[in-house]
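S.K.: The letter at position 250 of the sequence shown is residue 255 when you use our numbering, and the numbering goes up by one with no holes.
Please note that a few of the clues may not be correct.
Derived Cβ-Cβ restraints for the label pairs, each shown as a range [what the hints assert, rightly or not]:
1) Asn79 with Asn121: 37 to 47 Å
2) Glu536 with Ala516: 19 to 29 Å
3) Arg142 with Thr176: 32 to 42 Å
Keep in mind the hints are simulated off the structure, nothing from the lab. Cβ atoms here follow ideal geometry from the backbone N, Cα and C, with glycine treated the same way.
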Amino acid sequence: MPDSDDIGDIGELELCRLARQRGITPNRPKADRKGWDVLLELPMVRLANPSFSLDLLPGALSCKVQVKTTMSDNARISLKLSNWHLMVTDSTPWFVARIVLDESLQVVDRHLIHVNEHWTASVLKRMRELDVCEAERLHKHELELKWNDDERLDAPEAEALEQRLRDAIGTDATAYAGTKKRWWQRVGYDESRRKRVQFTPGESPDFLEEQADFAIGLRARLPIARMRVEDLRFDLPKLEKDIVFQKDDYIELHEVPSLGISTVRLSRRDRSLVTELACQTHASWLIFPDLPPHRGKVRLACGPCSVIIRVTRPDSLPADQLQMTVSWRFGVADDEAIVSVQRSALVARAVRLLAGASVEPIRIEVECDFDERIRGFERDDFTTPDAVDPGVARFWATMERAWIVSTGIGLPADVQAAPRTVAMQQPAIDLMAAALNPDVRTANFRTIVDRDSEVPDTLGLVVCPTAQIGDHIAGMSLAIVGGTKLEKRTDGRIEVQVVNGELEIVDRWCAPAGKWSDAETRTRARGAREEMESRGVEWLVSPHEADSGGIEPVWRP
Numbered sequence: 006m007p008d009s010d011d012i013g014d015i016g017e018l019e020l021c022r023l024a025r026q027r028g029i030t031p032n033r034p035k036a037d038r039k040g041w042d043v044l045l046e047l048p049m050v051r052l053a054n055p056s057f058s059l060d061l062l063p064g065a066l067s068c069k070v071q072v073k074t075t076m077s078d079n080a081r082i083s084l085k086l087s088n089w090h091l092m093v094t095d096s097t098p099w100f101v102a103r104i105v106l107d108e109s110l111q112v113v114d115r116h117l118i119h120v121n122e123h124w125t126a127s128v129l130k131r132m133r134e135l136d137v138c139e140a141e142r143l144h145k146h147e148l149e150l151k152w153n154d155d156e157r158l159d160a161p162e163a164e165a166l167e168q169r170l171r172d173a174i175g176t177d178a179t180a181y182a183g184t185k186k187r188w189w190q191r192v193g194y195d196e197s198r199r200k201r202v203q204f205t206p207g208e209s210p211d212f213l214e215e216q217a218d219f220a221i222g223l224r225a226r227l228p229i230a231r232m233r234v235e236d237l238r239f240d241l242p243k244l245e246k247d248i249v250f251q252k253d254d255y256i257e258l259h260e261v262p263s264l265g266i267s268t269v270r271l272s273r274r275d276r277s278l279v280t281e282l283a284c285q286t287h288a289s290w291l292i293f294p295d296l297p298p299h300r301g302k303v304r305l306a307c308g309p310c311s312v313i314i315r316v317t318r319p320d321s322l323p324a325d326q327l328q329m330t331v332s333w334r335f336g337v338a339d340d341e342a343i344v345s346v347q348r349s350a351l352v353a354r355a356v357r358l359l360a361g362a363s364v365e366p367i368r369i370e371v372e373c374d375f376d377e378r379i380r381g382f383e384r385d386d387f388t389t390p391d392a393v394d395p396g397v398a399r400f401w402a403t404m405e406r407a408w409i410v411s412t413g414i415g416l417p418a419d420v421q422a423a424p425r426t427v428a429m430q431q432p433a434i435d436l437m438a439a440a441l442n443p444d445v446r447t448a449n450f451r452t453i454v455d456r457d458s459e460v461p462d463t464l465g466l467v468v469c470p471t472a473q474i475g476d477h478i479a480g481m482s483l484a485i486v487g488g489t490k491l492e493k494r495t496d497g498r499i500e501v502q503v504v505n506g507e508l509e510i511v512d513r514w515c516a517p518a519g520k521w522s523d524a525e526t527r528t529r530a531r532g533a534r535e536e537m538e539s540r541g542v543e544w545l546v547s548p549h550e551a552d553s554g555g556i557e558p559v560w561r562p
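Start from the sequences, fold in the hints, and give me the full structure.
M.R.: Dropping the structure here:
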């Protein structure tokens, strides 16, 4: 019976014989201490393109092979974990050749197993399971080698050997090394959950609720007492950090992560008055994947308007069904919230629909292609505000009219502005919206003029309201013609209140803010007044030509 060294030599010589038949150079080490038995150097592939530039010629290909020779076709082969670790971390391609001999020491079967991504994952998972103190004892642990029929070298064996090597390595040794490095860095990790973070709450009555709100951007800070961070690979945790916080410490997010864009459609049950909002989608499980499902939340945010969906799976429901409850949050945007005027108008419409939801059923549909858990959502039993705060309602009513103004004057549809900045110009926006609405025939407008003479019952008053929307200034020359109410003030001036006056657009325009001036406004006011005077209208002094303290218009639909 030959000893193991003799059997091993036969297997290595068989591999060398097949390699030489294909022009592959085999090199055997003088001392086998690095886990490989044969280094194979493949010949350069003949260039088929005569115009190929030689500076782009790829480097020579080589690989290391560990040869395992056995006398039994069903033999179990195990390799030392130290050898496996070298195979998966070395940038060179590695293979294991299995050679089977019969009783007369003739080769009867051959396999070539590529140490690929699958084996990289198997090795790293096995090492993950070991304690760190085993780092110097990897040679004491083993991992079994397995193979299949697809890895058999069928006749002609030498040709099959070369084809298998080239299929596995490719044509670029540098590219292969980069691919192998990515295997080593990434296998075993779930890209959506590479870390597990566990928090110990401070003195909080409902820390899970606070966690969910923090993860979707409803809370700016999360008070905690302790944080434990674990690296999660192959679902096996390894402690990275264990931090104990001082009293009143907290954590903040630089940016709330998003799943992407969702489409939220809000309408009446008959599908009238449809509002379609493109919302950023924030989910609590992106920050806290271990949060219990019944405490998870999804937030669909469109500027200052948010749809909050609480996702639950009660025991009474089938596994593929979810129960969801919906609530709404909306408010006044801060000065830094720059959004398109069109989107603000859509949010305003949503506020108006929700304000009447207590007396009229509302339909909600949510379409999210990236997450089956909230696709095609439609329910009736969601929470809506019983009443809208009057100040908030006025604010969003202004934003809804601002879109009418911007389209009526010719501003581009994608113009952006801070909603609060636009809402602060509500008197001008109201007057413009009223003039653009053909159904509006009533205006209430107060101003002071330096005219101490009798004023006819019917008069004309040219007003040029302007409002800055984004980087444009929109303006209108409005002629208000109708009955008046005059009150003489103690300072000798007359306070004029136009009641039931007709609004008529004499001129309208928009221009970049940098090219605008008060002189233009006054010029347009004079031109508009002259045009109306040609029609026989008697005028008070235009507010822009008077020394008054300004105008205080209020729109009454």
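S.K.: When you take the CB atoms of Arg142 and Thr176, is the distance between them in 32 to 42 Å?
M.R.: 39 Å, holds
S.K.: For the pair Glu536 and Ala516, does the Cβ-Cβ distance stay inside 19 to 29 Å?
M.R.: 20 Å Cβ-Cβ, so the 19 to 29 Å window holds.
S.K.: Is the distance from the Cβ of Asn79 to the Cβ of Asn121 consistent with 37 to 47 Å?
M.R.: 24 Å, violated
Violated hints amount to a single one, hint 1; each of the other numbered hints is respected by the structure.
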